[in-house]
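Visitor: Sequence:
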Amino acid sequence: MMNILITVVIILMISLKEKEIKTTRLWLLPAILAYVVFTSIAQTTLSVNSMLLYILCLVIGCGIGAWRAYLEEIRIHPESGKIMSKGSWASSILLIVVLLLRQLVSSLDVHYTFHILSSALLFLPLGSIAARRYFLYTKVRRLQERGV
Numbered sequence: 030m031m032n033i034l035i036t037v038v039i040i041l042m043i044s045l046k047e048k049e050i051k052t053t054r055l056w057l058l059p060a061i062l063a064y065v066v067f068t069s070i071a072q073t074t075l076s077v078n079s080m081l082l083y084i085l086c087l088v089i090g091c092g093i094g095a096w097r098a099y100l101e102e103i104r105i106h107p108e109s110g111k112i113m114s115k116g117s118w119a120s121s122i123l124l125i126v127v128l129l130l131r132q133l134v135s136s137l138d139v140h141y142t143f144h145i146l147s148s149a150l151l152f153l154p155l156g157s158i159a160a161r162r163y164f165l166y167t168k169v170r171r172l173q174e175r176g177v
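Using the numbering used here, read the sequence shown as starting at 30 and increasing by one per residue.
Hint data in this document are derived by calculation from the structure and do not stem from the laboratory.
Possibly wrong hints are sitting among the right ones.
Pairwise CB distance ranges, derived in the manner of DEER restraints [what the hints assert, rightly or not]:
#1 L172 with A60: 18 to 26 Å
#2 P107 with F67: 38 to 46 Å
#3 N78 with W56: 24 to 32 Å
The beta-carbon is built from N, C-alpha and C at its ideal position, and this holds for glycine as well.
Generate coordinates for the entire structure from the input sequences, incorporating the hints supplied.
Guide: Below is the structure:
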């Protein structure tokens, strides 16, 4: 329980802090997370049902990521001219709910189906992070194209 509480505090501190967007590094975390997720599911046997569940969770995660990017505030720092972003409370709470849901399912790992569901829930943060960073990248590009 203490691990979850520490994770929630860290997520809130990181996501609600204003930070500079470095477009050259936006792809790094989704690539690392994709590697972790795919090595995790490589240890399970794949069936048609599990693949459909993985795809469904990835699509839902992408939708969550698009929504999180929509809620994110992007501005140009007046003194340095750097592009800054700041997450919202709704975005942070949504991420915490997804993590808690995955923790709940993994703690109920009594049957093979729960193991597949637990693995499928890894695709939610993967889709969310990848889509959020993609949409942030497009927002930054549009802001830069305006000549700002």
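Visitor: It remains to establish, for every hint, whether it holds in the given structure.
Guide: Evaluated hints:
With their beta carbons about 24 Å apart, L172 and A60 fall inside the hinted range of 18 to 26 Å. Checked against the hint of 38 to 46 Å, the pair P107 and F67 passes, with Cβ atoms roughly 42 Å apart. Between N78 and W56 the beta carbons are some 31 Å apart, a value that agrees with the proposed interval 24 to 32 Å.
The structure fails none of the hints (numbered hints given earlier).
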